[in-house]
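Residue numbering for the sequence shown follows the UniProt record's numbering, starting at 1 and increasing by one per position.
Take these hints with a grain of salt, some might be off.
Derived pair list, reagent style SDA-like, types lysine to any residue, alpha-carbon separation capped at 25 Å [said to hold, decoys possible]:
hint : residue 1 : residue 2
1    : Lys181    : Arg93
2    : Lys272    : Asp293
3    : Lys126    : Asp76
4    : Lys122    : Ala161
5    : Lys126    : Asp293
6    : Lys122    : Gly112
7    : Lys221    : Glu194
8    : Lys105    : Trp95
9    : Lys266    : Glu418
10   : Lys272    : Pro261
11   : Lys105    : Gly387
12   : Lys125    : Ile207
13   : Lys236    : Asp252
14   : Lys221    : Ser162
15   : Lys181    : Ala161
16   : Lys266    : Thr9
17   : Lys236    : Leu276
18   : Lys266    : Val182
19   : Lys125    : Ser162
20   : Lys14     : Thr452
21   : Lys181    : His349
22   : Lys272    : Gly299
23   : Lys236    : Glu142
24   : Lys357    : Ala282
25   : Lys126    : Val182
26   : Lys357    : Thr239
27   : Lys122    : Tyr52
28   : Lys266    : Met289
29   : Lys105    : His75
30   : Lys126    : Gln164
31   : Lys221    : Val264
32   : Lys272    : Pro177
33   : Lys266    : Thr239
34   : Lys105    : Gly299
35   : Lys236    : Met289
36   : Lys221    : Gly286
Label-pair restraints from in silico Cβ distances [unchecked claim]:
hint : residue 1 : residue 2 : range
37   : Arg461    : Arg94     : 39 to 47 Å
38   : Asp392    : Arg461    : 36 to 44 Å
39   : Glu228    : Lys272    : 38 to 46 Å
40   : Gln224    : Leu31     : 48 to 56 Å
Calculated from the structure, these hints are not laboratory results. Just so it is clear, CB atoms sit at the ideal spot from N, CA and C, and this is done for glycine as well.
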Amino acid sequence: MTTVAATATPYPVKYTTPFLLYPPTLWENTLGDELVTEHLGMDEQGEDYVLYLSVPFCRVRCHSCPYFIELLSIHDSRNKEERYVDALVADLRRWAGYRRWSTGKLRSVYIGGGTGTILETKHLKKIVDTIFECFPVVQDCEVTLEGNARDYDEEKLDFVASSQITRVSLGVQSFDPALLKVIGSPHGAQESIEVIRALNERGFTNIQMDMMYNLPGHSRKTWQSDLEQLRDLDIKHLTTYLYRIHEGTPQDRFIQGGKVPPPVDKESSYVKNMYLDLIDAAEGMGFNMYMFDHFARPGWENVYNEWTFKQDVEVLGVGPGAYGFVNGQRIGSAKNVEGYIEAVDTGRHPITAASAKLDAETRRERYVINVLQYLQVEFDGYFARFGTRFEDDFAPTVHRLLERGLAELREDRLVLTELGRDWHMNVMIEFTNPRFWGDTSAPETPHWSMNTPMVDLFSGRREDWIG
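Please build the complete structure, drawing on both the sequences and the hints.
Given below as structure tokens:
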């Protein structure tokens with residue numbers, strides 16, 4: 001078994017939120033539909049892009065979930081699910097009518113949430129059929145359905161296995177019933193196993209799992225047992241997350257009240273060895289860590305992430321809480337299901353927020369931050385996009401990384417060292433522009449939950465994170 005050794009501390013504080021949305025701040029869309037029709041280039045020739053669909057519902061809220069959802073009762077007395085799906089389909093058709101999307105190539109689709117699988121099978125079918133009817137979907141398009149094992153019945157299993165959906169992502173978190181109860185997960189441990197095997201029996205094998213470690217009361221022995229369980233399941237992709245306690249959530253209150261034990265210090269040798277247990281188990285199953293905390297069997301890497309981060313294509317985000325990147329601007333829709341339905345029903349685009357249009361410098365920064373999810377920057381890929389050399393554009397930052405032992409230069413790329421991988425989020429912060437920091441006005445602007453951590457981060461001082 002691998003054991004952890006002492007490591008250097010190249011930065012004052014480790015940043016552990018597992019993503020950076022850049023540039024951080026979105027401002028209120030005061031232009032209404034004019035933003036779409038006059039500023040996002042809807043009449044221009046399209047190129048490659050991906051589509052993100054928001055299904056903003058869950059049956060229950062996990063105890064430490066900070067994200068936007070609406071609780072959808074299984075009885076749904078107000079018929080909210082059907083009304084939402086009808087609005088989503090109408091919104092998709094309207095977007096598909098623009099030249100930018102009708103003449104481009106749709107490379108990947110992600111149906112997420114919330115809980116994508118919460119929708120009735122007939123509604124999932126309606127959404128998938130609309131995408132393939134209205135958009136220029138490429139032949140090898142990856143279509144991911146994210147969700148929860150508890151939502152699958154025989155009808156939904158049959159549909160997924162025979163539909164244009166090519167990939168399933170399951171939020172498993174743990175196979176230990178007691179731990180699932182502590183974190184408030186809606187599914188049972190055995191349900192995940194049964195759904196994976198049921199899909200396999202139907203010939204569907206492209207299955208991705210989310211797992212968490214250092215949950216409250218999570219012993220290393222239980223974690224090792226979770227990892228051992230993976231060996232018996234035919235999955236192709238594994239994403240892991242360090243459990244985080246978000247301020248103001250029920251789990252935060254349970255811990256403060258002594259009802260739930262706090263997670264172990266994430267910088268302790270105990271937690272670091274849990275991570276090394278993961279590395280050992282993944283390697284033993286033939287998985288490669290091709291992105292930070294993303295493991296896959298060769299040839300089964302996440303295509304949506306490939307096009308979004310490495311290929312740097314546009315993102316069309318549809319649904320409340322969805323965000324996109326179009327014509328050099330980040331855009332987003334308010335986290336309000338009823339408001340979204342009303343906007344679509346009255347013929348308006350429900351885009352409520354947007355960034356300023358990115359200049360050339362910010363585009364380069366954004367690309368490097370995104371591609372560092374893959375723990376390296378390939379020089380040819382950078383030059384193909386910008387016509388300049390990465391080593392020249394970011395010379396001072398590259399020098400600091402090399403000097404601190406966080407990266408090494410190879411002939412064709414910059415690669416993070418083991419120390420750089422351990423501090424990779426801080427490394428990403430190195431590439432942010434100082435002019436975006438210290439923005440104390442941005443937190444006063446409403447942001448949806450995934451963007452709020454970015455606004456809070458950038459309202460502070462860059463030096464606090466990188467020295």
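Right, here's what the structure says about each hint:
no.	hint	verdict
1	Lys181 with Arg93	violated (41 Å)
2	Lys272 with Asp293	holds (13 Å)
3	Lys126 with Asp76	holds (19 Å)
4	Lys122 with Ala161	holds (14 Å)
5	Lys126 with Asp293	violated (33 Å)
6	Lys122 with Gly112	holds (17 Å)
7	Lys221 with Glu194	holds (23 Å)
8	Lys105 with Trp95	holds (14 Å)
9	Lys266 with Glu418	holds (17 Å)
10	Lys272 with Pro261	holds (19 Å)
11	Lys105 with Gly387	holds (24 Å)
12	Lys125 with Ile207	holds (19 Å)
13	Lys236 with Asp252	violated (33 Å)
14	Lys221 with Ser162	violated (39 Å)
15	Lys181 with Ala161	violated (30 Å)
16	Lys266 with Thr9	holds (14 Å)
17	Lys236 with Leu276	holds (20 Å)
18	Lys266 with Val182	holds (18 Å)
19	Lys125 with Ser162	holds (11 Å)
20	Lys14 with Thr452	holds (19 Å)
21	Lys181 with His349	violated (40 Å)
22	Lys272 with Gly299	violated (28 Å)
23	Lys236 with Glu142	holds (14 Å)
24	Lys357 with Ala282	violated (41 Å)
25	Lys126 with Val182	violated (36 Å)
26	Lys357 with Thr239	violated (32 Å)
27	Lys122 with Tyr52	holds (20 Å)
28	Lys266 with Met289	holds (20 Å)
29	Lys105 with His75	violated (39 Å)
30	Lys126 with Gln164	holds (12 Å)
31	Lys221 with Val264	holds (14 Å)
32	Lys272 with Pro177	holds (24 Å)
33	Lys266 with Thr239	holds (18 Å)
34	Lys105 with Gly299	holds (22 Å)
35	Lys236 with Met289	holds (12 Å)
36	Lys221 with Gly286	holds (22 Å)
37	Arg461 with Arg94: 39 to 47 Å	holds (43 Å)
38	Asp392 with Arg461: 36 to 44 Å	violated (28 Å)
39	Glu228 with Lys272: 38 to 46 Å	violated (20 Å)
40	Gln224 with Leu31: 48 to 56 Å	holds (54 Å)
The structure is inconsistent with the numbered hints 1, 5, 13, 14, 15, 21, 22, 24, 25, 26, 29, 38, 39, although it conforms to all the rest.
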